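Start from chain A and add chain B according to the hints.
Residue numbers (my numbering), protein chains in the order written: chain A, 23 to 311; chain B, 123 to 419.
Hints listed in this document are in silico derivations from the structure and should not be mistaken for laboratory results. Do not take every clue at face value.
So the derived list for chain B, only partly shown, Cβ under 8 Å to chain A, looks like this [to be verified]:
hint	residue
1	V217
2	F226
3	P235
Quick list of simulated restraints, FRET-style, between CB atoms [stated by the list, open to error]:
hint	chain 1	residue 1	chain 2	residue 2	range
4	B	Q407	A	W212	48 to 56 Å
5	B	S314	A	V48	51 to 59 Å
6	B	R346	A	W133	44 to 52 Å
7	B	R248	A	I152	46 to 54 Å
8	A	P149	B	R213	39 to 47 Å
Nothing here was measured: the structure is a model prediction, and the numbers come from that model. Glycine residues also receive a C-beta, built at the ideal position from the N, C-alpha and C atoms.
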Amino acid sequence: MMNTRIKRPRIHLGAWGAPLGIIGAVIALAWIVVAFLAPVIAPHDPLAQDLPRLQAPGGDTILGTDSLGRDVFSRLISGAGVTIPLALLLVVLSVLIGTILGSIAGFFGRWVDETIMRITDLVMAFPTVILAMVIAAALGASLLNAVYAALIVSWPSYARLTRGLVLGLRSSNYVVSGRLLGFSPWRSLWRDIAPNIIGPILVLASLDIGTAILLLSGLSFLGLGAKPPTAEWGSMVSDAIGNFDQWWLGVFPGLAILTVVVAFNFVGDALRDALDPKSATLRGGGPTL
Amino acid sequence: MSDVTPAAAGTLSGVRDVLTAVDVTVDYRGHPPVRAVDGVSVSIAPGEVVALVGESGCGKSSFARAVVGIEKRSGGTVHLDGADVPFLGLRRRGVQSTGIQMVFQDPNSSLNPRRRVADQINDGIRTAVARGDASSSAADWLERVGLAADAGRRYPHEFSGGQKQRIAIARALAARPHMLVADEPISALDASTQTAVAALMRSLSLEAGAGMLFISHDLSVVRRIADRTLVMYQGRIVESGHTETVWQNPIHPYTQALLAAIPIPDGAGRLPLAPLEEHRAAWTQVIPEAIDRELAA
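Here chain A stands alone, though its shape is the one from the complex (with noise of 0.2 Å):
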């Protein structure tokens, strides 16, 4: 018997010959190493008011200290363990609660569907940055209340596009077919129609994780997440407004979320060319935020 080489349908990955998207990847994946790193590489304690306030970038500390004397490069890439994870942890909670209503609206149609649609409506009325501010205020400041009051708000765009996938499928010959061999609704959605819509999702959800970064920092800024003594970029930005003529206290840490949002965009860019090269914007990089 010939040992042939059976080839998966692969999402086919021919666009990540974009640099965009391979530059994209390699900063995040380093933003990455860098969050889970950080308490081994950070040269000082980040939270530690040891040092000399409001010194200059150089010398001892790379990137200076801030005005309650704690190193901010070593805060940088705390920051970091901190940002990141919560912007995945929320990334994820959106697409599970997202793909799962979206799957069952989609699937069972009628009344169901109508409920959760207008559902998603009511919510995606709402500006996403003030309702996530009001939840936010009303269950306290604290980086995980910012995570569930940025979850109320971006699960929806999740659950609509699941929703208009799994309609497209649902009448698709190979599902009725399983359907009249007696599958149950589950195992349709799990066997036939998730592993057909599961590309685009993925799409989004790269797309998705800087846009999240975007909204935690935020969150952090108007002091709605990381409570004072925590390194987080947003909250950083925010200490900075006080002291304007020491340019070291916001540039950097605005630095780093825009890196890491940029990165995180690419990569989903990328992603979303290679599965799909007619929406392919110019140069593989896009306008997402």
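Relative to chain A, chain B alone:
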């Protein structure tokens, strides 16, 4: 089982029918509403192949889907082995109703592109086992439909249209159905594959003792594989009976027009004449003698 509707259209064999459809009606809502199938009845015995022919839009696909339960019936009944075939709603289909299976027209959409072929045939085998029938192997089914036994490891995109249709047939038959409904299973295939797949479907369903309803607009293939032929026009059966009788001596003007439209490969290059509008009025007439025609002596 005494609840079998006896009013069904007559069958040629004396065997108890596996499928009995009586006065099936399908309506499509809209402006104006469309009655796609208007009171069609058919009974099919085990091992019998019944063809349903007609032009595009005559309602033959709607009837096929209504028989299986994919399309909602607005009237009439369908019984499989004496038990009602319910509409395929959101609930899981009962074990008894899995005795009716379907093969679709488009081979490219009838298989899940992201699951291995053997896994999909195993779904059919599992259905047969759940009904209490004997188990079988995907490799065996692949060989029976003329594919390599180890083709099961592959994914559908590695097969041609005809091969995909063979796999879809294998999956449907692996469920050991008592009734197989094929909705234009060969019209998406090229000419040389069409006959082979049609012949395969006949031999396999005969072997399994299953009845088959074969929807097609290809009359020359139908003549080769169908025991009985039903001719449908505008949602109604205008002529039915033994395939040879209908073929040799059509009574209804629509059947005559349909048979006259088959190109003859005699090298003369003659194309059949297109039907005229005034003919269409005659095609809707009801001719009772054209229904249930027996085999000519």
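Hints, verified against the model:
no.	hint	result
1	V217	holds, 7 Å
2	F226	holds, 4 Å
3	P235	holds, 6 Å
4	B/Q407 / A/W212: 48 to 56 Å	holds, 52 Å
5	B/S314 / A/V48: 51 to 59 Å	holds, 53 Å
6	B/R346 / A/W133: 44 to 52 Å	holds, 49 Å
7	B/R248 / A/I152: 46 to 54 Å	holds, 52 Å
8	A/P149 / B/R213: 39 to 47 Å	holds, 41 Å
The structure agrees with every numbered hint stated previously.
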